[in-house]
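Line by line, the protein sequences are chains A and B.
Under this note's numbering, think of the first position of the first sequence as 1, with each following residue one higher.
Under this note's numbering, think of the first position of the second sequence as 1001, with each following residue one higher.
Quick caveat, the hints were computed from the structure, so don't treat them as lab data.
As the structure is a prediction and not an experimental result, all values here were calculated from the model.
Among the clues, some could well be false.
Each computed DSS-like pair below joins lysine-lysine, with the alpha-carbon atoms no more than 25 Å apart [unchecked claim]: (1) A:K163 <-> B:K1035; (2) B:K1452 <-> B:K1439; (3) B:K1105 <-> A:K163; (4) B:K1439 <-> B:K1370; (5) B:K1439 <-> A:K106.
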Amino acid sequence: METIILFAPLLGALLAGLTWRVITDAGAQWAATGLMIFAALLSWALWANFDGDMRQVYLLDWVRSGTLDAALAVRLDATSALMMVIVTSISALAHLYAIGFMERDKAFDEGLSFRPRFFAYLSLFTFAMLLLVTADNMLQLVLGLNVSAAMVYLLIAFRHHYKSANAAAIKSVVIMGLGNVGLFLGAAGLFILTDSLAFDDIFETVSDGTSAPLFAGLSLIEVSATLVLVSAMAASAQIVLHSWLPDAMETPTPASALIAGIFVMSGAFVIWRLSPLFAIAPGASGLTVGVGAATALLAALFACTQTDVKRAMAYFASAQMGFVFVSLGLGLGQDTGDIVGMQLPLFAVVQVMLALCLGAVMRAMDDNRDLRTFGGLRQKLPAVALLMVLVALVATGFGVSQAALGVIAPATGQRLYSMAFASQPVLFWILCFAAGFGVFAIWRIVFLSVFGASRARQDVFDAVGKTPLIMVVAVTVMGVMLLSFVVWKVNAFAALPGSSTPGWMSVAPLIATGLSFLVAVWFYLLQPGLPKTLKASLSGLHLALQNGFYFDALCNRILTAPLRTLGEAFSETGDGRVFSAPFSALSTRLVVTYSDIIDRRFGGVLLSAGALVFFGLLAVISWTVISWDPA
Amino acid sequence: MDNLLSITIFIPAIAAAILGTFLSGDDAEARGNAKWVAFIATSMTFIVSLFIVFEFDPGDGGFQYVEEKDWPLGLTYKVGVDGISLALVMLTTFLMPLVIAASWKHEDRTKGFVIALLCLETMLLGTFLALDLVVFFVFAEGALIPLMVVLGIWGGDNGRVSALRLMFTALPGASLLVVAMAAMAFDAQTTDIEALITHQFNAEPLSLLGVEVSGGAQTLMALAFMLSFASKLPLWPMHAWVQETYARVPTGAAMVMAALFVKIGAYGALRFLYPILPEGTVVLAPILVWLSVITLIYAATAALVQTNLMRLLAYAGVAHMALVTLGIFSANQQGIDGAIFQMVSHGVVISALMMSVGVLYDRANSHDVKAFGGIATRMPVFAFGTMMFIFAGLGVPGTSGFAALFLTIVGAFQAYALAAVLAMLGMVISAAALLSMYKRVVFGPLIKQNLKSISDLDRREKAVFAALLVMILYLGLFPGLVTDVTGASVEAVLAGYEQAEPTTDEVQ
């Protein structure tokens, strides 16, 4: 069954991408979507019947070289069964949504068949993610992460007529490439350590081998784990390697939903999968916490100031993923019943649902993405508005100590925050602030887009039609999933014994989030003029935040531009003059001298003669050497 | 058949001789005949070479199908095949029919052109199969002749300058190669490569002009060999001829050069340095690893700013070839397996990319990036194929480039961790270069008038694309196809080296 789940999306992609001329545009869309729904249903069945015993399903012998031997196999355990459910169901709903959403796309002329290509990319992306989550060895992790990164590139470049889409696509490739440096070398490090790439061998070795060999003065375990962390940071858009995600929002909404919700999860998944390794690598774990906390705070701040709704959503995704990284670094991802096992599904559904709701809003607003021109859409799109509020409510409780607004179970959040406090009090406070800004960011998006008065041009607002039913259905199903998940988890975690933490510690995050919610209400519902005044008085800070602390400009200044200058220097000065000068000067002189005598047609003859001379010379040299007697 | 290897080597040369002797005239019919003869001959070579594979024993690390005949002047003709050469022979015979098919639109003195390509194939096959120093030298350096002729005649206005330049670049290395080979033959009293492998060359440190040379005579000989090979590979700073040459010659010739000719250098390094001069290789390996890294980053960075498609591919090709030397001189099983895999993969991928550029050149008569833009809408099949080729070049899993890149990096990391990091960064730069090229040529709005009627691949081009793509995916899914064949031979090659290697306090 797991094999069918894995390959159904691939089949869908091939059908949509290669045979659409035969099965028509609509046929291609439904083929891909149908197979995806099929895979989703199967993975629910698989998950429900899963007995808890890990097993491997062999697929194919893959890379072999000396002692390195990595086969392709599906690793079926509690983690991968859960992840398969998340990936396939969310992707299936995004496919369904896309059928409605892609009815029209401004980037393409009417009559062009751009849809089968889009669906093929979506299905192929899902296939790659499934390869990742069912990976049985490091090589498969590399496989899944790289193929899905390649698909993300293609998805971002989907509207390739737009310059911004192309630039964003290449940026994602470069950042994923930087992450790849870590992933490849991390895998290499683990191979040196254990002489194997299989998880079983790696976990076995790291669990009993406390004395790892040194590598440049550092423990090889730490080095490998840190390298893997780099790739996770790139995929999960964590600070320093985060800037691709906001730009990636150039792609049509169903795809950006999958990128922000599913692909961003892949980095955290890699760390989760390798948690036995991180458990004995305190340095790398600490770094994970640091990166996560920094992202949770900074990205949330960036999200609060974006005017482009999709960029706001992207930064919000980075920030929320930061919480997951903190949990992973604190060792809260050891088994599926733990915090990470609840954070990841929640993260995926929240992000995708938010994106899909906003897709409906943007579609209604004539593909505009500027939050400042939205507002008041709850009258026109009541269902979408309701679903957005639901998402925001769940997100508010996400990563928060007590049952903020009564949505999320207390036990989980409490453990995260008390662990954070135990490791570093400052971390606790950073998380409180990050949670506050995150909550503000999402309510700002919700209030600005569907509440308040409309700021759109009257004709646009009047022309807002009904959202295609299929889109509403897809998002509603997702909402039902979200709610049932929350209810299920509340029960599961309510059964856990609560830890004894001082009262103020469980109240502080609640105050932060509650306060943020109230500020958002005050700013965007009660006194809509206030943010503008605040922005004017803090214009420098606002601008800096809006531009993500000028991170892109800085990268351009210190990396991209110098690299291009260097490239010019290498090819013009280096190869144009220095390295070719001795040869070309001589050749030019020879040709110029003799070109009067020799007709151009006989160039070949000249060259053959030149070659003869050349070999004659060699023969003479060799004869001399061979007959030379040193005695 | 006990002379299967010789048959494989000389089928193209015989076809060239037949063409040269019997085909006259330069009308459309004669041109067509020339192309068909060449296509049939190269396809036959491929089919014959398949028989080598069928009977090949992958568990044996030694040479198989060995043929030995006396030549006049006391010389010996000796050929044989092991896993490493088999990989390159199959690559050559597989690509050549496709090269001929890709050159189908070449209408300028077609007969001469295909003769040059056929001669080149014989030279390349001879190089990869030679088991005698003299035979190797004749084939390896002889491969330059058809290349120079192609450059001189079809290379445009400054073709002859480029041809001479190619010669001058190769000359110092080739001369030293002769000297080193002569010294080798003199010392061992034989030119038989199999015998040379068992011969112990003097590795006592010696003093040269007051400088202590560890590894002694072996280091000097290895250096001479490498100078010749480095100009072919090419390694920085002997690489400048490449982009000049590729940009001038017709597509077919560029495909052969980038995909096959440059492999002579890497193959030579594996054939001569490791087994015959292990002590010398130990001394040179670190230098060559760092030169590879410099080459990779240098070429990838230069590729970033090219506006000529062929030059860009030339630089990208040089960068990706540097992975081969990186893997080879990492001196472990994964590194060398990866390097050989990369040789095969690079051969298929770079010729595929050049084919793509050739397709564009056939339509718009330009190699300039600025002459294109937005052709995805008009040429979807082309766009799809080229994207896959670029993915393969960058090592996306599922394509042939992945196993090559992964194994090379794992190998390099075990020996030189920093070099592996820098090489990966270089690959990121090359990714940016190739994808920005793709962006500027294929993506974007279709504005230029002359491109609005541009046609997608015709049946011939589709067939070539399909063959290359199938190979890329097949190698990507079943990399064992290559590593299983080369494994035993690589072990054999490494055996001598590991004895020579001083015990170091590197990793493990």
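Structure-based check of all given hints:
1. A:K163 <-> B:K1035: 43 Å, violated
2. B:K1452 <-> B:K1439: Cα-Cα ~17 Å, so holds.
3. B:K1105 <-> A:K163: 34 Å, violated
4. B:K1439 <-> B:K1370: 11 Å, holds
5. B:K1439 <-> A:K106: 20 Å, holds
Of the hints listed earlier, those the structure fails to meet are numbers 1 and 3, in rising order.
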